[in-house]
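Could you build all of it, start to finish, from the sequences and the hints given here?
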Amino acid sequence: MVKDLSVEFCGIRLKNPVIPASGTFGFGMELADSFDLNVLGGISLKGTTLEPRFGNATPRIAECEAGLLNAVGLQNPGVHALVGEKVPALRAVYGGCIIANISGFAMEEYREACRVADGCEGIDIIELNISCPNVHGGGMAFGTSAAAAAEVTAAVRAVTGKPLVVKLSPNVSDIVAIARACEDAGADGLCLVNTFLGMRIDIKTRRPVLANRTGGLSGPAIFPIALRMVNQVASACRVPVMGCGGVSTASNVIEMMMAGASAVQVGSENLRNPFACKEIVADLPGLMEQLGIEKLSDIIGCVRM
Amino acid sequence: MPSINKIRLEILSNLPVTPNCYRLELAGEGLPAFSPGQFVQLEVPSKYLRRPISVCDCLDGRIVLIYKTVGEGTKILSQLVPGQALEVLAPLGHGFDVELCRHSALLLGGGLGSAPLYLLSKALLTAGRQVNVVLGFNTAADLVLLNEYRDLGIEPVVVTLDGSLGIKGVVTDAPLPACDFFYTCGPLPMMRAVCHKLEGPGQLSMEERMGCGAGYCYGCSIKTAAGAARVCADGPVFRKEDILW
Chain A
1 MVKDLSVEFC
11 GIRLKNPVIP
21 ASGTFGFGME
31 LADSFDLNVL
41 GGISLKGTTL
51 EPRFGNATPR
61 IAECEAGLLN
71 AVGLQNPGVH
81 ALVGEKVPAL
91 RAVYGGCIIA
101 NISGFAMEEY
111 REACRVADGC
121 EGIDIIELNI
131 SCPNVHGGGM
141 AFGTSAAAAA
151 EVTAAVRAVT
161 GKPLVVKLSP
171 NVSDIVAIAR
181 ACEDAGADGL
191 CLVNTFLGMR
201 IDIKTRRPVL
211 ANRTGGLSGP
221 AIFPIALRMV
231 NQVASACRVP
241 VMGCGGVSTA
251 SNVIEMMMAG
261 ASAVQVGSEN
271 LRNPFACKEI
281 VADLPGLMEQ
291 LGIEKLSDII
301 GCVRM
Chain B
1001 MPSINKIRLE
1011 ILSNLPVTPN
1021 CYRLELAGEG
1031 LPAFSPGQFV
1041 QLEVPSKYLR
1051 RPISVCDCLD
1061 GRIVLIYKTV
1071 GEGTKILSQL
1081 VPGQALEVLA
1091 PLGHGFDVEL
1101 CRHSALLLGG
1111 GLGSAPLYLL
1121 SKALLTAGRQ
1131 VNVVLGFNTA
1141 ADLVLLNEYR
1151 DLGIEPVVVT
1161 LDGSLGIKGV
1171 VTDAPLPACD
1181 FFYTCGPLPM
1191 MRAVCHKLEG
1201 PGQLSMEERM
1211 GCGAGYCYGC
1221 SIKTAAGAAR
1231 VCADGPVFRK
1241 EDILW
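Chains A and B, in that order, are what the protein sequence lines are. 54 is the number that this note's numbering gives to position 54 of the first sequence; each next residue is one higher, with no gaps. 1024 is the number that this note's numbering gives to position 24 of the second sequence; each next residue is one higher, with no gaps.
Each hint should be verified, as a subset may be incorrect.
[As the list claims (entries may be wrong)] Only part of the chain B face toward chain A is listed, based on derived beta-carbon distances under 8 Å:
1) 1195
2) 1214
3) 1215
4) 1224
5) 1228
6) 1238
7) 1245
[To be verified] Stretches of chain B that chain A covers, calculated by requiring three or more beta carbons in the stretch to come under 8 Å of a beta carbon on chain A:
8) 1043-1051
9) 1199-1212
Hints listed in this document are in silico derivations from the structure and should not be mistaken for laboratory results. Just so it is clear, CB atoms sit at the ideal spot from N, CA and C, and this is done for glycine as well.
Encoded structure:
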């Protein structure tokens, strides 16, 4: 029997729940010649700010056991290039859900960037990034306090009618409180988690490996923590959740959905294998068969307590 | 963006060529053609990220990579034996442009920078260009590829920092033959010295810690005269005037 991989997220039908996570898949076109992107349920584009940014100095990448640290620092061409060039180019070859990931350093900047993104027909969902740990004085600062998260969510809510998903930071003591604050402020969905703040030292030079000193940890190392947080938030909130953090296999996708995720983002695995998402989508029907699952959306939040 | 291939290759040989450099020869079906200066992202068992290594030579269905054992990953690599399989992503990056040289090329390699220049030498000779090569090493024991260059009919000028072989000093201390275009690959200070000394046009190959190696993670971006550039995808080969020293 043909398996039904489709899911609904914020009223949008995705052909499957698999979405490359922001920052691990560029603006989509970088991989458009390597495989047909239309196998993907959605694509979350690289984090974009109002103005263009170069980002941090190199090294921006440090390898870890079962993962990596990154401190790219939101390199992007700015939201006007996003809506004028990047999204139209991707839309020309891709029919699935396009998610614009918007970040910033000040409330007004978030609002203006989201207002511009709202005017772009090709964008299906706005993912509000209040969780980037690699920029100073912005990003994660908005995602580590419930009051600030609610304030920026409400400010952006006022300028967009598109589905608004807030991407949460795991670098907090009570992620449920922040998730609820975003939901109450008008978020249509939540995405969690972004990376965990980490650090490596080169023991020969006694200097941090990353030029930025610290970076965000991602990869299989964080999967169990991300899964726990997704389960907590999905259990406590009414809005749908995108699960993200260390997902590398079809089995991880199923697990995230059982924990409560309606869609699943794959991040670091793309850096090891540009075909990771395509392969996960291809592996899902066989795994569903083994597990007796006919319709993937049936398992969302099915974990028994 | 060019299409990326993910291929499993078998190790044919993996032998030391100096006290800390290995020559790894891999073979497999579906191996694409490589331009000189392009690289592969090589899987290292038990390591999370792949290792970017430039292609030294590509023959019918085989590639040769030369790497230095600098850390844990390359140490693991050095312990692999023939018959084992490794997955690579290839071909990656923008390589050297042979067409930029009209008649005579000067190639300046520092240490393992000599490796991609070997494939470039072959391409330049095939295109009918005259090729002069200067290779610099720390010491005589680090010398690689001399015989391979000689087999192409090229007699490289060898320079060592300690004077244990050839001219004592760095590549820019050697008498440099005239050329209409130069190509260089090696440590950054060496390439900087080369680009400052040689007045004519040239290309150089940059190195940076990479994530994906294929242009979509933006982990290896540098500032160039032409704006932000990803070393993995916009480079690793850049024109001399693009680099902000």
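Review point. Checked against the structure, which of the hints given earlier come out wrong?
Key: 1, 4, 6, 7
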